[in-house]
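Q: Just so you know, the sequences run in chain order A and B. Throughout the first sequence, residue numbering follows numbering that gives the first Met the number 0, covering 0 to 324 in sequence. Throughout the second sequence, residue numbering follows numbering that gives the first Met the number 0, covering 0 to 325 in sequence.
Straight-line Cα separation of at most 20 Å, DMTMM-like style, residue types lysine to aspartate or glutamate; simulated pairs:
#1 K107(B) with D321(A)
#2 K88(A) with E320(A)
#3 K134(A) with D47(B)
Worth flagging that the hints you see were computed from the coordinates, not collected in a lab.
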Amino acid sequence: MSDVSTDVALDIYRRVLNIRRFEEEVGRLFTEGELPGVVHLYIGEEAVAAGVCAALRRDDYVTSTHRGHGHVMAKGGDPKRMMAEIFGKETGYCRGKGGSQHIADFSIGMLGACGIVGGGIPIATGAGLSIKLRKTDQVSVCFFGDGAANEGSFHESLNLASTMGLPVVFVCEHNQYGEFTPARDTMNIEDIAVRADAYGMPGHCVDGCDALEVYAVASQAVGRARDGEGPTLIEAKTHRRGGHAEGEEAFLAGQKYRLPEEERLAAKRDPLLILHERILLEGLADAHALESIDQDSSQQMVEAVTFARESPWPDPETVLEDTWA
Amino acid sequence: MPRKTSVDAMREALRAELLRDERVVVIGEDVKVGVFGGTRWLHREFGDERVINTPISELAVAGAGVGAAATGIRPVIDLMFGTFLFLAFDQIANQAGAMRYMFGGQTKLPLVLMTVSGAGISAGHHHSQPVHPMFMNMPLIKVVLPSTPYDVKGLLISAIRDDNPVLFLSPITLGSQRGEVPDDPYTIPLGEAAIRREGGDVTICTAGAMTRRCLEAARAMAREGIECEVIDLRTLKPWDEACVLRSVRKTGRFVAVDESFPVCGAASEWAATVAEKAFPHLRAPVQRVSNLDVPLPYSPVLEKAAVPTTERILEALRRCMQTEAA
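Same shape as in the complex, but just chain A (with noise of 0.2 Å):
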């Protein structure tokens, strides 16, 4: 029995849910050839991004990676801005010049994802240098992935928070896989949390695919950000459900890259099946109520998408907007 409250399961079943369809409205549109560039979608680990954000204050910040949908909408980013940046429109996030892999909302403390793999650690850590000097509460999150965790930025700025104490909670999203190749073939640990021994700081290892647990495991590491104990690492186990990016498919001309019984295993720990269960075992909610939430938040990919597709595409003269500050 998790000893959350109904309001913050639903609050997080809302997060998980208003990514799930975000993300599956992003898929279909892919397929359909109507978006430009590149996108890597977030399904399957939804419970990671909801159960942390959960715990979060909105002027709290958080980093992210090239897989950043779940991030920004779970830390409360506006679908259609995302949606229309996505699409490369004038209304998107970032006026069409950051696309999928950057997207950012300073307004909620989101301060970007991140195309380059490890790239938003050291980010994360200098906002927490940055909330340590100005003497506030706030509290930095980095999200990354497991093949972030054999960059150099991971080590550098563990090392970094640990020795000056930061307020930065580093959350791994350990999919299992960097791109192609299983995680299991580039790091010779079974558990990423071990390394934070290596930087005197405590790590955890959480079911990354229960959204309640993931809560109380960041709600705990974030509370001792917020009273000046320092950085956790936090390895949340999930599972990444499509592929590295849509339409790889047809890169990779009908090959293989998975084992049939861990897409069976990821199918089987669907965080959203997960969730829904565990609020009506518990008796937190009904199924209308969860229901309604899910209607609430398809209506609203709807429109996003409808907002995006009919909003004006940049004057090419932007361009040049931007620039020096």
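With chain A fixed as given, assemble chain B onto it according to the hints.
A: Then chain B, alone, in the frame of chain A:
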């Protein structure tokens, strides 16, 4: 006016800005001791929270600067040697320079990255390689390369007050040189060149440590009756194109002297711009004098040969004076 070293000038600039704006912090490895002296003992006055010693982690330190600058701090990061910037390349090239634009103007990045730069003290390649053209090649990063103690102070204060990422490179040979530096804080606009010597026969465009060498060459040419105009750009990006083009329209001859490698070096950019925008005024082909295309050697004799020498500058000037465009 008091005569001070560039190191004194740098420390005065940092001190003035630490006093003026509590958002300014100095961060880097060994900034308390200050390997080159510019940050030395500032923590005694401003405390460990304003003058912050870090591990040797260039990538994380530069990135922390980016994250802090995006959230209300004005960090001055000391990365020591220009070559160490390469260890932090992702955070400079992919993040600092791009973030404001990439996010549609949502943020400003008031970030200064300071290092020494260039050759002249037999430090070997890893501590002597010039780096400025690589950063000039990236959008939305300002690059500053002063040549006098006076400029160090005024340009550094401007860099710290600027809302954009600024790479502040000090020629490694400049540190101990003395010059007139006022006690009070003052600014020199970024992007404004200084004409170090006026002349009507040939324009020399340069910056940083090469400025002195160009002035030596100009004095030698004057003895032969040829008057060189020596322009010290001071800021390499954005650079004072108007000042250079004005001079070339007057002299009709152009020599670019830069301490960096010849392919896609700073001299190439200056020469191309002059050829493109002042061609009708040119009376001879433009000339470039750059480093030789080799890593920086250690031996003083070899090191001297690898960077633009006064002799090579003189040769370029004479070639320029002897040829007439058809």
